[in-house]
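Taken in order, these protein sequences are the chains called E and D. Numbering of the first sequence is given in this note's numbering, commencing with residue 1 and proceeding in unit increments. Numbering of the second sequence is given in this note's numbering, commencing with residue 1 and proceeding in unit increments.
In short, the hints are calculated from the structure, not lab data. Some hints here could point you the wrong way.
To be verified - Selected chain D positions facing chain E (Cβ under 7 Å, derived; list incomplete):
#, residue
1, 5
2, 100
3, 104
4, 113
5, 158
6, 172
We put the beta carbon where it would ideally sit given N, CA and C, even for glycine.
Protein chains: 2
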Amino acid sequence: MSTLYPSLEDLKMDQAIQMVGSGPLLGQLVAPVSGNSQGTRRAEIKPGMREIHLCKDECGKTGLRLRAIDQGLFVQLVKANSPASLVGLRFGDQILQIDGCDCAGWSTDRAHRVLKRASAEKIVMAVRDRPFQRTVTMHKDSTGHVGFVIKKGKVVSVVRGSSAARNGLLTNHSVCEVNGQNVIGLKDKEVTEILATAGSVVTLTIIPTVIYEHMVKKLSPTLLHHTMDHSIPDA
Amino acid sequence: MSTLYPSLEDLKMDQAIQMVGSGPLLGQLVAPVSGNSQGTRRAEIKPGMREIHLCKDECGKTGLRLRAIDQGLFVQLVKANSPASLVGLRFGDQILQIDGCDCAGWSTDRAHRVLKRASAEKIVMAVRDRPFQRTVTMHKDSTGHVGFVIKKGKVVSVVRGSSAARNGLLTNHSVCEVNGQNVIGLKDKEVTEILATAGSVVTLTIIPTVIYEHMVKKLSPTLLHHTMDHSIPDA
Numbered sequence: 001m002s003t004l005y006p007s008l009e010d011l012k013m014d015q016a017i018q019m020v021g022s023g024p025l026l027g028q029l030v031a032p033v034s035g036n037s038q039g040t041r042r043a044e045i046k047p048g049m050r051e052i053h054l055c056k057d058e059c060g061k062t063g064l065r066l067r068a069i070d071q072g073l074f075v076q077l078v079k080a081n082s083p084a085s086l087v088g089l090r091f092g093d094q095i096l097q098i099d100g101c102d103c104a105g106w107s108t109d110r111a112h113r114v115l116k117r118a119s120a121e122k123i124v125m126a127v128r129d130r131p132f133q134r135t136v137t138m139h140k141d142s143t144g145h146v147g148f149v150i151k152k153g154k155v156v157s158v159v160r161g162s163s164a165a166r167n168g169l170l171t172n173h174s175v176c177e178v179n180g181q182n183v184i185g186l187k188d189k190e191v192t193e194i195l196a197t198a199g200s201v202v203t204l205t206i207i208p209t210v211i212y213e214h215m216v217k218k219l220s221p222t223l224l225h226h227t228m229d230h231s232i233p234d235a
Numbered sequence: 001m002s003t004l005y006p007s008l009e010d011l012k013m014d015q016a017i018q019m020v021g022s023g024p025l026l027g028q029l030v031a032p033v034s035g036n037s038q039g040t041r042r043a044e045i046k047p048g049m050r051e052i053h054l055c056k057d058e059c060g061k062t063g064l065r066l067r068a069i070d071q072g073l074f075v076q077l078v079k080a081n082s083p084a085s086l087v088g089l090r091f092g093d094q095i096l097q098i099d100g101c102d103c104a105g106w107s108t109d110r111a112h113r114v115l116k117r118a119s120a121e122k123i124v125m126a127v128r129d130r131p132f133q134r135t136v137t138m139h140k141d142s143t144g145h146v147g148f149v150i151k152k153g154k155v156v157s158v159v160r161g162s163s164a165a166r167n168g169l170l171t172n173h174s175v176c177e178v179n180g181q182n183v184i185g186l187k188d189k190e191v192t193e194i195l196a197t198a199g200s201v202v203t204l205t206i207i208p209t210v211i212y213e214h215m216v217k218k219l220s221p222t223l224l225h226h227t228m229d230h231s232i233p234d235a
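Between the sequences and the hints, there should be enough to build the whole structure, so can you do that?
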């Protein structure tokens, strides 16, 4: 089975290391080591499903907004400092069950009614990690750029010869996270700043824009910008 | 960190096992064991990228058809018994580099020209495993069904209370593989037969239909049905 590399730079570095073997150049090579980067680990989308336990805050809220898409139920919004953010729920997570009931085929309204009526002490959810999203790991060049242009939160172009080009970053994709930090709803300028202060390894979590637009339907831009959890997650 | 389960049935089985502990009921529980299923392993989409070496057949062909989408390059068709099928390329794989050149921004025509001119002995490709696809693992019920209806290769409905519902299978998704076997272009009747003869654990590889339709543009249904590799892959 072929070796899998987090980024093309890791692949090339591995080849370079193999070529120089144990010769004099070896000490001079600096491996990109994308996979060990904290941001890459935080961003990692985990296949399979997990169970979480949620409880409501003192106002009886979960801080969660859901949306029904294609007969499934998805997280549309996670409010900052809410029970939902505490248990690690993220935009795009698929909720499969709430308190033992399949969410398949539920309307958005029904999902919110169920949440409203659920116990304040413990709500059990089966969750699939962000099925519509994936990550792309890249390395900054000597000028600090990975090589793409973002407009209204969407990748609109990829710079030739850049790490983004090498790693096949695609246009028409909306950026959900930078190194595991949610950037949905932030202004392009804010996202660019987060990218600038990020380390040399940048892992983007992306989603096809056509799907993103379904997910944020009826969600006001204000809520997206000011209410959603944009904090830097713990490792 | 929460335990990850391949299917909801695995999650429930694990909970049942924990509840009965080492009591008299334990011997009667039969764990779904989705993850160890051969079909689930074959279907697994591997994050990261790999390098492959391709050579042309006696007619100078690779058996590969590519398509440019969103400034990236994707496998549109893998002909049966071709060099491309031999090295494990699959519909939807993203080709990042051919012989050291980034494919970012290439047109479909340019990609085919490059392949045509490439060496017959060795073509080196950096590949990302099917970035638009994902898997859903389900268990057949006592009547042998997982609980969804397929029409023109697309999931159009999910049966309430079924494994498909429990595991959040979505509508508006096209089925690419059943237990790692490519079913793209096959008639619904043929796919249903493959499902019927599959074991009790069924892993579907799916892709949002809106994206699938982009990928198969300008690809004749005849090619899809008769030329594409639909063989059962090795473990």
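(message) The hint names residue 5 of chain D as touching chain E; please verify it with the least Cβ-Cβ distance against 7 Å.
(response) holds, 5 Å
(message) Tell me if the interface restraint on residue 113 of chain D is satisfied: Cβ within less than 7 Å of some Cβ in chain E.
(response) With Cβ-Cβ at 18 Å, over 7 Å, it is violated.
(request) Double-check residue 104 of chain D for me: the hint is only fine if its C-beta lies closer than 7 Å to a C-beta in chain E. (result) holds, 4 Å
(message) Interface hint check: residue 100 of chain D, Cβ to nearest Cβ on chain E, cutoff 7 Å. Holds or violated?
(response) violated, 9 Å
(message) Quick check on the hint: residue 172 of chain D CB to chain E CB, less than 7 Å?
(response) It holds, given that the least Cβ distance between residue 172 of chain D and chain E is near 5 Å, below 7 Å.
(request) Could you check if residue 158 of chain D really has its C-beta closer than 7 Å to a C-beta on chain E? (result) holds, 5 Å
Going through the hint list in order, the structure does not satisfy hints 2, 4.
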